[in-house]
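> Taking the hints as your guide, dock the two standalone chains into a single complex.
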Amino acid sequence: MSLLELHDLEMAFPLGRGRARRAVDGVSLTVDEHQTLGLVGESGCGKSTLARCIVGLNKPTGGQILFDGRDLASLSRKELHDVRRDVTMVFQDPFASLNPRRRIRDIVAAPLDVHGIAKGAERERLVNEMLERVGLEARYATRFLHEFSGGQRQRIGLARALITQPRLLICDEPVSGLDVSVQAQILNLLTRLQDELDLTLLFIAHDLGVVRHVSQRIAVMYLGRVVEGADADELFAHPRHPYTEALVAAVPVPDPRARPTDEEIIAGDVPGGVLAPGGCRFHPRCPRADDLCRRDDPALRELGAGGHRAACHHPLGDAVGVSGGADADASPPAAV
Amino acid sequence: MTETVLSVRDLHVSFRTDAGVVQAVRGVSFDLAPGEILGIVGESGSGKSTVAMALTALNRTPNATLAGTVEHGGRDLLTLDEAMLQKVRGAQVAMIFQDPMTALTPVHTVGKLIAEVVRAHESCTKAQAWGRAVSMLQDVGINDAESRAKDYPHEFSGGMRQRVMIAMALACQPSVLVADEPTTALDVTIQAQILRLIRRLRAEHRTAVVLITHDLGVVAQAADRVGVMYAGRWVEEATVDELFAHPRHPYTRGLLASVPRLDRPRAKLLEAIPGSPPSMTEPDAGCAFRPRCPLAAEVCAQKPELIDRGGGPAHRDACFRSAEAEAGAVFTEVSG
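Top line first, the protein sequences correspond to chains A and B.
If you count the first sequence from 1, position 125 lands on 125 in our numbering, and the numbers rise without skipping.
If you count the second sequence from 1, position 250 lands on 250 in our numbering, and the numbers rise without skipping.
To be clear, the hints were calculated from the coordinates, so they are not data collected in a lab.
Careful, some of the hints might be misleading.
As the list claims (entries may be wrong) - Cβ-to-Cβ under 10 Å is the rule here; a few derived chain B residues that face chain A:
#, residue
1, Ser44
2, Leu80
3, Leu195
4, Arg196
5, Asp215
6, Tyr251
7, Glu271
8, Ala272
9, Pro277
10, Pro291
11, Leu295
12, Ala296
13, Ala297
14, Ala301
Claimed, not checked - Stretches of chain B that chain A covers, calculated by requiring three or more beta carbons in the stretch to come under 8 Å of a beta carbon on chain A:
#, stretch
15, 102 to 110
16, 238 to 246
All values reported here derive from a predicted model rather than from experimental measurement.
All C-beta atoms in this analysis are idealised placements derived from N, C-alpha and C, irrespective of residue type, glycine included.
Chain B on its own, in the form it takes in the complex (with noise of 0.2 Å):
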């Protein structure tokens, strides 16, 4: 077995709402080993950031539950209060978020935003913690970091904003960043320095990253092993090269086949999934994407569980049908 720095074992979460209870994750399972990129695809409602949220329990608010395990550091993070995990939050597990500005306190400089981070991890005079802040800044690829690092944060793009949030998130060198959604907000030139960014802090500072997105674009672009969500579940996962060559969950191959893509000659029509996901709060029965899925069988109605068929690099999928659908394009519907 190879080392982990981070193993998720049959993780859910749920949350009681005026609309039913949301069984939001049903059942997640992963490992990430150090320096590795896991990236974790899925569209909206697929539960993709409530297990980026969970990792270190920021979800456990009083109407939801979590249940299952988060193995760092030889411990269970799901059992701990909040007061140690506070020590977890930032120090050994850091987190980027979508939206840099609503992340990033305004009223404090972003030298002293990171500064503090550092003064609340580790013990060390004030001047020790804006020397890290703005060697962190310069290692971030933000030019004249010691003057840059006392402007507030609406005095920087959103580019370098985000840059600012990685440098506070790698401050006390974590051994997992989970980034969610973290270059959705920008464009694209942007969002592919801050991807190649990503790719060679990890490599420097061997920083494990959990990378949440609904582009596969990004995650052929950043990942080196990426996890389909759907509805909740994980219904495949292979590295980044294995999984867009041979493709098997047809969630996985419709998705793939809906993208308008460059690399592609045009077609008139793309290969739409019709129908949209389940809704959240139904109970878990047999496959969830069976309604929409042009393989769907009797056999469907039961819960596939997520195995590696073998045969090949590792490469687990949790479809009974996914021999059928590697075999053949299956979305041949054109819904208008």
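Okay, chain A solo, but in the shape it has when bound (with noise of 0.2 Å):
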């Protein structure tokens, strides 16, 4: 049962003079309910702006979002702001995105207030279960948040998101401003909270490592696409194109005699400029780029079994070595 799709969404911001960044760029996945969806990719890949699409902080220009069916663009003001307890998100700055002046149990109650869910008495309790969910003390309710360390912050952002029960749960960056031993107390809690209140996670993130840990399936962005989508054991198992790769060959494993041979570094840079290069966006870095590669645009399509899509036209591990930039053209753009 798929509780998020989105349909070929586009967030494109104008800069002036008719040109326009197109951050997102045609991005169709879904995300099952009680599960997890990882989605990784390099800084500028859009996988931020995709989240905030989501959560209604930027007004996407094309596409569709379905949130258990419904389609956000066709609902009223009211019946969105509805939505907005169903689908909340975690930040990566727990300092930057809640409010310093107010005390924990504001910050935290705040969704309660803005939704009228509770108030006096029963929203105190509320805010006292939640932070000894989250693994706080119930006494902390009256403090700051400078006087908590970044573990505690990012706790209490958690506090903030779940506290309407949600249904999906949004984590952007939610542990990439931690200490690994810190991180790995957070992707616990994660994971047991999870379990505890059904919930469904759109999980975004540079650190493949981290990812793989939580999702069951895994997303691949480049420059606002979506490049490869995968079961999470089976994208690093058998990545299909060509950035998956690179990425995860590029991934630094605590582990002296695994280091990288020169051919697995890639070479060159994300492109930095307005529009992205044409024809497939990553053959400029592509070792198997090819006059196909430079003219057409690959879609993403199915390769083999258990969902595995690529957008490539000479994926990796394609014996035959299927290319069809008309068959691709042909069929319709598949969902990760």
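As structure tokens, then:
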């Protein structure tokens, strides 16, 4: 059962003189209920913009967002307001995303106030309960944000995001500001909360180890597009897109015997221009690129069983050498 | 005794603050051999960056106290005055930082920035210095260096700026390069390129490198020898192969266990280290890791010495119970 579906989502930021930066450029994906979809990619790939579109912080310029089967664009203001109870978000930096002048109790209770869920003693009870659930003592409720460590602040951010009992929690780099020992505490907390509260997670991070740890399925983004999607173990065992392979090879593994060879280190930078390169966006850095890749933009297509999809003319591990610019254009774009 | 290019003995750094005296570094000693990459790994507040700065007394501010010795080229750098230190910095001991944008002056071309370093330390003409700048840019892998030298820092991507920083740091052929989190702000594919570059350059120039990082993966990929810091102390040291094969200190073991790894099967929960590091204003008594350590015993109230326990390759640790720690996994706690 899918809880969230994105169809051809597009978020273009106007730059003036008719130009626009397409931060998200036609993304389709599904998040199944009670599952975790991991979204990885390097800076500027559009993963955070995508998250902001889902929670309504950015208004998408194209495509559809379906939550529980309902198109968010078709909802009235009132209906949309109610959906915000069910879809909440945790940000990377709790110190920047939470108000330092308010007491923890009021930070956590803000969604209760906004949605008129609870007042007075009931409000306090819910806050205390939630603080304990995320591993903080209720007596901290009257303190301020600066009195807490980074890990504790992230627990506070989680408490606020979960207090409306959402169905979908979007985590945008929730542990990247934390030391590894604390990161492990927060990841374990998330795992426990997901079980206890029946949560569905969209988990965004640049750290592949972290994403693999929490996700059942993973989508890889590059320059505004999803270039590959598969089950977590399958994606790392058999990456099909050359970008995914390079990304996995570049992750520094804490084992000196596993140093990457020079061939495994991909050259070049993510192009920084306003317009993505023509053809396949990855072709300027891709060791497999040929004329087809420079000319035709590959669509995301099914490659083998288990819903493994990639947008590549020359996917890895393809012995038959399927190449089909024409084929790919003919079939409708697949969702991850 | 092998040749050393830098020798640090009993380094202490403390800062007077409104909250009390922060004893950031509490007795650190190490040697650096020519052409060697020594990784210093630790979490925030462990004192690793303070050590990096202290190597050329960069943090000798009015509220700071530096004690101990940093021997380089037959003198103790900590006894030199500012004018003498200026001659050492950049020429003999150079430094690169995490954020190349704030470390590079935005109003000069990168060629001028590098040429200025050369002119500050060597007697040569402007043209000669410019020539050196161009050849350094080539050396760090910047294509079309002749014309790129005339560009400003903002015209470079993050990875390219870090290359420029490295070119600047190595322009006068220093014998020691101190790299403080040089790849932390970069995407993984770019990080892999920069780490490879650092390894290549130290081989070509015989530059010794002190590589400061919080990332165990980065030290495993790039360092020859590793020192682990916790709460201002050097708690373990060995060659990179030995350290990752036989970590002994419970902190090192806990750190390694808490990272979600791509090269291991997934577990539902990570082995998190409970609690958080101590406040650095607390006095120095006993083992600082004791409150978080599953093996803590009465003896740990005494101050552990960093010693080699013998029976194998050089490997020093500051733990009374490292033999027990090495005998088995210690973190069974999976706190949420």
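> Please name the hints from earlier in the document that this structure breaks, with their numbers sorted from lowest to highest.
Hint check: 2, 10, 11, 12, 13, 14, 15 fail, others pass.
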